[in-house]
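K.L.:
Assemble the complex: chain A is given as a structure, and chains B, C and D must be docked to it using the hints.
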Amino acid sequence: MQIEGPNGAGKTSLLRIIAGFSQPDDGNVLFNMRNIKEDYDGYAQSLLFIGHKTGVNQQLTAYENVTHWLSVHGYTSTESEIYSLLGKLGLVGLEDVPVRTLSAGQQRRVALVRLWLNDAKLWILDEPFTALDKKGVAMLQSRFQQHLDKGGAILLTTHQDLTDTFASLQTLALEYRH
Amino acid sequence: MWKWLHPYAKAERAYQLCNTLLPYFAVVSVLCIVVGWVWGLAYAPADYQQKDSYRIIFIHVPSAILSMGAYSSMAIAAIIALVWQLRNAELAVIAIAPVGAAMTAIALITGSAWGKPMWGAWWVWDARLTSELILLFLYLGVLSLFHAFEDKKAGGKAACILAIVGVVNLPIIHFSVEWWNTLHQGATITKFDTSAIDPSMLWPLLINILGFAALVGALSLIRLKNEIVQVEKHRPWVRQLVSRG
Amino acid sequence: MHVSNSYWTLFCTVYKKDLTLAFRQRAEIVNPLLFFLIVITLFPLAIGPEPGLLARMAPGIIWVAALLSTMLGLDKIFRDDYMDGSLEQLIASPYPLSLAVLAKVAAHWTTAGLPMVIMAPVFALLMNLESQALGATLLTLLIGTPLLSFIGAIGAGLTVGLQKGGILMSLLVLPLYIPVLIFATSAIDTSIMSLAYSGQLAILGAMLAVAFVAAPIAISSALRVSVS
Amino acid sequence: MQFESLSDFIAMGGYGFYVWLSYGSCAGIILGLLFSSLYENKKLKQEVKSQMAREERIKKAKELEAQV
Chain A
1 MQIEGPNGAG KTSLLRIIAG FSQPDDGNVL FNMRNIKEDY DGYAQSLLFI GHKTGVNQQL
61 TAYENVTHWL SVHGYTSTES EIYSLLGKLG LVGLEDVPVR TLSAGQQRRV ALVRLWLNDA
121 KLWILDEPFT ALDKKGVAML QSRFQQHLDK GGAILLTTHQ DLTDTFASLQ TLALEYRH
Chain B
1 MWKWLHPYAK AERAYQLCNT LLPYFAVVSV LCIVVGWVWG LAYAPADYQQ KDSYRIIFIH
61 VPSAILSMGA YSSMAIAAII ALVWQLRNAE LAVIAIAPVG AAMTAIALIT GSAWGKPMWG
121 AWWVWDARLT SELILLFLYL GVLSLFHAFE DKKAGGKAAC ILAIVGVVNL PIIHFSVEWW
181 NTLHQGATIT KFDTSAIDPS MLWPLLINIL GFAALVGALS LIRLKNEIVQ VEKHRPWVRQ
241 LVSRG
Chain C
1 MHVSNSYWTL FCTVYKKDLT LAFRQRAEIV NPLLFFLIVI TLFPLAIGPE PGLLARMAPG
61 IIWVAALLST MLGLDKIFRD DYMDGSLEQL IASPYPLSLA VLAKVAAHWT TAGLPMVIMA
121 PVFALLMNLE SQALGATLLT LLIGTPLLSF IGAIGAGLTV GLQKGGILMS LLVLPLYIPV
181 LIFATSAIDT SIMSLAYSGQ LAILGAMLAV AFVAAPIAIS SALRVSVS
Chain D
1 MQFESLSDFI AMGGYGFYVW LSYGSCAGII LGLLFSSLYE NKKLKQEVKS QMAREERIKK
61 AKELEAQV
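Chains as they are written, first to last, in my numbering: chain A, 1 to 178; chain B, 1 to 245; chain C, 1 to 228; chain D, 1 to 68.
Next comes chain A alone, as it looks inside the complex:
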């Protein structure tokens, strides 16, 4: 599901409401027909959220960030797997350097490694393709396809046109209303 709309139409706040961070004025968010407020930790088990603020700590190295995120979300992974994933995302040689020395695009890629290391059903991604080169975008789209084939759901906002790449794409347009 792609959410479209001009800047300021509330795309990001809609994502944050669905992820349970902000409270909607009225109405509520259901997951598996149950309000997420009732058992938020259970809902969080099958949720992966990557917003504008990627959640990557500046002082830690890329590798430390990934391992920390994994254990906070209850996953485990081996060092070699993380290094190979970081390498595939174009971060070779930058795995053990403090993240503050990386560029904004590279920092986003450190956050995107999580997509390969989790089995959450629902992905909520806020403009995942920003600051990614062609190869990165292609890798991300193939990962999305794998996730959809496994029956997962993706809710994302992007300015790219995804209609030809994903057959089952639905779009939701938001307009700006005072």
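Hint data in this document are derived by calculation from the structure and do not stem from the laboratory.
Cβ-to-Cβ under 7 angstroms is the rule here; a few derived chain D residues that face chain A: (1) R54; (2) R57; (3) I58; (4) A61.
Derived DEER-like restraints, expressed as beta-carbon distance ranges: (5) S243/B <-> L162/C: 45 to 55 angstroms; (6) T9/C <-> W84/B: 51 to 61 angstroms; (7) W180/B <-> L125/C: 13 to 23 angstroms; (8) L162/C <-> N35/A: 22 to 32 angstroms; (9) L138/C <-> G152/A: 49 to 59 angstroms.
Covered by chain D, according to a simulated footprint, are these stretches of chain B (three or more residues, beta-carbon under 8 angstroms): (10) 36-47; (11) 56-63; (12) 97-103; (13) 109-115.
For each residue, glycine too, the CB sits at the ideal point set by N, CA and C.
P.N.:
For chains B, C and D alone, coordinates are given in the frame of chain A:
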């Protein structure tokens, strides 16, 4: 002016200068300290009043003098760094600061350890010890200011400015504390008039002072080498040094 | 892939992460301690070095200085994580937020409170505190500083999202610190008169137990409010 | 030699505790500073080596990419 100083502006030459000077400082400091301590502890006569507790003088006075000396040399390096924009002088300020702080800490510990038998309390708020404590704060201020900056160049400059501000304030602090309370005994050795202790104790004291001075020099040179390598990490001459070393 | 770790591993991960971060920026541990030392040296310079007077005022001065320097360190508990988004990731994790918050408060106490307890003899020395009061000072600080961290973390959680949160946080947190201050200083005073001070310690311990249970819940709801 | 025996020397006329405390702490601080500087030097050299290794890794990855 100062033509001979210019080649040492380049980091590598400064690094080699440190390497050549270091052995001399090290040998002098080890020699003098060993001789000074043995002489002062074992052979110098006991003081008629304080008996053997006065032997702490052989490290209290040198470290107190050196804490002041290190601060002034740090301030001189800071002035050179800011006036002539000499990068290595900035590094020298950062190299000397921890050594000066260590000297001040030694002066404080030995001062209070000496004060316990003499005045009956571990810490007495008298003029000298208080200004020594404030000097320690100045040192730690320079160090924490430098480490607070991500970008080392800006940090170096800020530390130099603080060092200069500190050295201007030192006499003011000293006299205001002196006015606030004088309990400490008068200066045991002053450069000009005859000293208040007899020669048999004076010689080990002078050797110790020389030893401590050389020690401050040696430690500062070691730390300066570290600071230079830290700043020039990506330079090829450092890489050869590391692969060879 | 999905091997759910136990609560204990989550506690350790968050705790270890905060400790590594604190040790990478060593200044954040040293600065509050230096502040504590300087505040302590100001008082004799202001009131004069007369030992008797200093000894009488020592408990109050040490504890007020402890209060103020804990406040200095409170801001950084959640500030960085809020800025780079790790706080959102913590909220969106399958583990209860109050557990992660407990780990963060424990990390803050280890880097701010514990050094203070270790340095307390030096401060007592500077204030010529009687030696028999040293034991009471150490005990009150040992029980009191975690309490200060817990209550302070509630203030930090509430104001992390605000721009000028620092001053506001101290206004919120200082009134909550007053009971801790009263019982701690009275414990030291009674020990100076070499009477039993276990009563005050028991009350401090009770407050700590309540804070241990209630504070994380309050902090996590404060964080959820700040993030939304 | 001012003292008759070693034990007198250590007792230091009854002030042994204070004298040895100050000399011990002085030696401790100096050696502490010396070893921390030498350790820092070793760590710096290690950092330069790992930076060179990192560049090696990047170069190798680029060559691999060039061939594929």
